[in-house]
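For the record, the sequence lines run as chains A and B. The numbers in the first sequence follow our numbering, run straight up by one, and end at 335. The numbers in the second sequence follow our numbering, run straight up by one, and end at 335.
Source of the hints: derived by calculation from the structure; they are not laboratory data. It is possible that part of the hints are untrue.
[What the hints assert, rightly or not] Taking lysine-lysine and the BS3-like style, the derived pairs with C-alpha atoms no more than 30 Å apart in a straight line are:
#, chain 1, residue 1, chain 2, residue 2
1, A, LYS215, B, LYS101
2, B, LYS70, A, LYS17
3, A, LYS215, B, LYS40
The structure presented is a predicted model; accordingly, all values stated were derived computationally and were not measured.
Number of protein chains: 2
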Amino acid sequence: MDLHILDHKLRVTSISKNGLVNFTHPLIKLIFLRNRTRCKFFSLTETPENYTVVLDEEGFKELEPSEHLKVEGSIWLPLNVVSNGNASSSSQAVGVTKIAKSVIAPLAQQHVSVFMLSTYQTDFILVKEKDLSVVIRTLEEEFNIYREFEGESVPVHCQDVSVCLHKNGKEALQPTVHPVLIPQNQFCVMSLDPETLPSIATTLIDVLFYSSSPKEDTSSSSADQDINCIKFFSFSLIDGYVSLVMDTKAQRQFPADLLFTSSSGELWRMVRIGGQPLGFDECGIVAQISQPLADSDISAYYISTFSFDHALVPEEDIVSVRDMLHHQRKEPAAS
Amino acid sequence: MDLHILDHKLRVTSISKNGLVNFTHPLIKLIFLRNRTRCKFFSLTETPENYTVVLDEEGFKELEPSEHLKVEGSIWLPLNVVSNGNASSSSQAVGVTKIAKSVIAPLAQQHVSVFMLSTYQTDFILVKEKDLSVVIRTLEEEFNIYREFEGESVPVHCQDVSVCLHKNGKEALQPTVHPVLIPQNQFCVMSLDPETLPSIATTLIDVLFYSSSPKEDTSSSSADQDINCIKFFSFSLIDGYVSLVMDTKAQRQFPADLLFTSSSGELWRMVRIGGQPLGFDECGIVAQISQPLADSDISAYYISTFSFDHALVPEEDIVSVRDMLHHQRKEPAAS
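Let's have the full structure, built from the sequences with the hints guiding it.
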């Protein structure tokens, strides 16, 4: 299999809920006006805590410093696994499950923290630029590694002989077991032809920027306050591909004929990981959940945000996933 | 003829050019998200100086106080002339020309300053609420006057016996003669079905909010700097009707099948009135230009903004209008 280090230098930022109004101008530009920006990697995810914005340096330039904007200090590089056609894996699962054992577990063992961003099209594994040597060293046995640069893919090998991998990987496999939350919403992972993005512009703007404003023409807002549901909406526009993750309630606001899912009617349930904000240094969080999912061959999308991590698993698997997580939390960590 | 005092209490505001980014959030809501606002009267006009925003109190609530927002102190009421079908006037002219002698001249004579807002559908004459008694007294001979209130039209008469009209109107007919500017752009006055507003959302957002940002994908921007052209774009959404005034360069960015003009290909030229910002107290400015246009039966739209006034006359009449204005400025005011 091939692993590509993509030609994007990313920043991971968050905008506070009440600071969004100050960022509407640059964000709308980044989402809808492709001829006004050179940004090629943009992702915006609303959670109850804040808006997580992951974007390349061209996009980051558009965000003015503000008390409402938090910026994680690192430059992050997105990795992308490309299976070369020959299905070496017998798994039918999609998403992070496919890369749990080959990428996520080895990086966790080497104490590399990752920021995951699953989209309709693929799964991006973001690693800190400073960890790149360790990443290459760790994954070069399993993968042909290429670094993309100005449209070319150049094979890379770890030149850095000083990189010392942790021999005793077991040590890293015992991270903090974080509390999880399983909200009631059902989610869909969708895409649309980027040419039709203007057709859903007002709906998307409404959902992204005004969902917390009261509606003047309806009296119903009880569903908004359903405490068993979570506010979660993710939009990404990466190298020209659009991906949307939203719950079925948001989905109903969009025209049914423009958005598509991989198999019609496929619904997902969410597991939110973390009781306190997770930070960006801890490693093994993704591994902790993707490993058992891989063992059970359960598909999963995985979206990290500024505060928490979010796994999406097929609706029909949520009971077994819940049991598995429950079990993981009751058992003392294997010693 | 009937004159309606509409049921809107309006504020006239301006947003500075570099302050627009701070108002993108409320303005997009007011333009595109009708189910999130009770605002029924909204107009936004970009000029080289600033953005003039005229809106009712529901809309005004959306604008946060800011160093970038100037608010004219008065409450303004929009008047609207409704011809009752029987074409008492033999004039074929449209716009302010039709009301120059019946409304604009008499109000100027009574020292009532007006703020004009022509749209595709009609011409709104905005007067200050404090001047209402004088307005009614002045116009009640010529018009049946109705005040609209919660959907009902109630006939009104001036109850205010203390209102003393200026007997010697001549005095008011000698206002300052302001310099005028006649830019080279050709303008169109257009409308569209409000249901199709979402279809032009991204283009309209681009033109309204990003026209001063550089485009990344083109090298041509020489036309933007044509010093003989003026930056002028006006959008209004009033009681559900959309009106757009833009030059032919902006028009080419919109899909041709959605916007319509009253007669296809009708083009207008602009006369900008004022060398220094005009303020809101001087009266007779509109009369000064609409009177001779009415004498020559030349149609005219008229759009006041925070700093200057703008008349639009048919392209084929611009030479005679220019000559007329030139003549007016060379002659000493009639004594």
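Open item on the list: Could you work out which of the previously given hints the structure breaks and list their numbers from low to high?
Closed with: Result: hint 1 breaks, nothing else.
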